[in-house]
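Generate coordinates for the entire structure from the input sequences, incorporating the hints supplied.
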Amino acid sequence: MSTNCFTSPVPPGASLREPTIGVRMVHMAAWPTIIAHLDLDCFFAQVVELDHPEYRGHPVIVGGGRRPDGSFGRGVVCTSNYLARSHGVRTAMPIAQAARLCPDAIITHAAHGRYSEVSREVMAVCERFTPDVRIVGIDEAYLGLQGLERWTRRLVHPDQTSSEDFWESDWPIEFARRLQEAIREETEMSASIGIGPNRFLAKIASGYVKPAGITCVRHDAAPRFAATLPIRRLRGVGPKTEERLRRHGYTHTRDIIEAHPEQLAADLGDFGVELQRKAMGLPADRPAEAHRDRKSISRERTFSEDIRSREDLVTTLHALMARATYTLREKGLRAGCVSIKLRYDDFTTFTRDRSLSDPAAGSVGATDHDADMLPIAEGLLDELIRSTRRRLSVRLIGVKLSHLAPESHRQLRLGETEAYDKRSAVYAAADAIRARHGFDAISCARACREKKRPSNFRTRHPDAEP
Amino acid sequence: MKAICDRGALLDAVNMVSGVVPSRTPRPQLSCIRLQVGRHGGGGLLTMSATDAEISIRLSTTQVDVSEEGEVLVPADKLKQIVNAEDGEPTLTLEATGDACEIRGADATFKVYGYPATEFPALPDVPKDGGSRFTISAEGFRQLISRTIFSTARENSRYAINGVLLRRTGKKLEMVATDGRRLALARGMAEPADGAPEETLCIIPTKALNMASRLVAGTDAPVTVAISDNQVIFAFEEEDDIPGTVLTSNLVEGSFPPYEDVIPKDQDKKAAFDVDILSSAVKRAALLTNEESRGVSMAFSGEDGNRLTLSSRAPEMGEAEIKVDMSSYDGGDVTIGFNPSFITDALKVIDDRNVTLELKAPNKPGLIRSGNDFLYVVMPVNLK
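As given, the protein sequences belong to chains A and B, one line each in that order. With the numbering used here applied, the first sequence closes on residue 466, and no number is skipped along the way. With the numbering used here applied, the second sequence closes on residue 384, and no number is skipped along the way.
Only true hints are included.
Interface residues of chain A toward chain B, partial, derived using beta-carbon atoms under 10 Å:
1. 357
2. 366
3. 414
4. 421
For the chain B half of the interface with chain A, some residues (derived, Cβ under 8 Å), not all of them:
5. 178
6. 291
7. 293
8. 294
9. 382
10. 383
Since the hints were derived computationally from the structure, they do not count as laboratory data. Bear in mind the structure is a predicted one, so any value in this text is a computation, not a measurement. Ideal Cβ positions, reconstructed from N, Cα and C, are used throughout, including at glycine.
Here is the structure:
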């Protein structure tokens, strides 16, 4: 985290002056670390409203799409504006259900590429406010506020050094207010901002008051704030963990905060101790790495009509794999594990994975070649189809590459060195074309066949989940 | 059928025969061992057979008193567990009544339900002549197997390399195994039978060869190998008047990769080692490798008195460096990475003290040799 306030660029309307003499620096100690979490309110819906001002004042649902016959496909709600939410529409709800709940809703999508365009504009504003911006999704980012206090002060009162006591406690709120205003002025987007002594609490805080809220959790108030939260609000606690916590007698966040760390370690291991630290507003035990390593690359597709033939699934698998390996090579990584996911028409979901160093996978080892992974993925698909013993009727297929590592330590194969090098050259050439003319500019014949299915074009990047 | 059998001999036989019994099979008869009790010379003879429809085994013991001849099928797992558990007993009584078999110790009676012996598939007999037959010493056979079988592929996807290639040309015998990343080739001598063709070529499944290696470990009797179109038979010679064990197996169909093409001919760097020194160095360097970073870097240098520097590095774990002397080194400096277990696997099966490692470039195979009878090609790991 940067503590150098002099490197921060100047926001609009502010002028950089010499630091005022006599500034008290005690506030550093008052906030050991300070993080803001910025979350754009129902982002996709805001972008749609931005591009279609005529939709304002109407319920808007983003997602899905209609079939040529006018009926709803089987997409799900990406997001909806607050008006639609007041009718009970929720993210991830099937579009058809959302349409029943809110018949007047406008169901739409913004133009291709608009979301990332607006997102980039917002993040650019953030980057003018602090150099320490970590974008974690299309509509959210963490901002390090360490050392921005004097800068904030001069922003608001360029000529005054008085009322220091007020600033000691509240300058982060003023910072957030200014950021919120700048984002609204420049991009017309509404954002909620949470401030806390660590990322964990900052994120909870940003969701505390929405839309357009600012919530500041001071480090000394952190345990009290956290104690009021339902245990499920804590990041990393899902239904299974909640059950596990309950078994050990932790039903409220307060129980975790008040527990003795040794007891927590005995009950829950490192996870429990870490959870307590985070909830109490202490920085993570290990300093967060500047860029967290990507854990997996996934691509999945929901079909507008259930797929009943293995051949069609394999074709889509090829297309998804091509996208996943393209990203893999772009990042200079190799994958050591391939997983596939099938969701049947009744929403039961099956996954299967195989390590590439597994002898059953031919001990290929980590690779970034489609050709190495496709036979394994197809094998997994067949195993899955066989083991589920169901009538094949699939609404979603996904592929995931994990155990990612930088390209090194690849075991070469006998007599394959030249063939491998040739294949690498082919992928490199195809990737270069894609980088220049877009992904669909070139693809293998099998995956091409898939593109001709007009209704099946929706590819989701689960990595970029909001 | 009724017989009193020495427990030790029974246990050895059951353990060996169970190796062939399939763990899962749609035919319950195949999960059984066939017990046949008969007379042989002046005494009794207990013969056990098992098959998984691909491989079959038949072995006999004379440490048995027969009071009534007969045969029965007994589920292999129960028979094995019972004989194993009756560890205080010098002998056990086996008695079949109908399809059930009673196994009795001094204070215990087990009645195990089996099947009529007639439901067991017929096992192939050793052909007296014809086909390709040759004889090999137990020691020679043992060595051929141990020097190749570790390199076989363990997956099912490439069926032909899930076995060991056996090739006889006149009296010369060669066995080759590969998993696509390394290849082991061992040579030995065989005595062809009269009328055997000049050349024989077949692929023997790994499982059958594993069984053969267990059988050959306990005997010094020469082995006769008979190969027909789709089958190989290993017949161990009769010892001390006990009929020899017979192991048969279907051959692997398909063609073995053209292995001669991958044996490099133009290696221009040659390092000689004491086997123990190299093996110890590689094992120590391997301590700081992990799944993501499993290569050990080996830097060969002719300067400074033929020094090999091995190094390894595992992210978030640590790194190691080991320097050892080579007996000799001929060629320019080179640094190459190898999976350490691929090197130690080969060093384990070398009986000689000396071994040579020939190289060409960091992305070209390494070649390990020991004498004229063992050759091992190993592909490097890309260290970049």
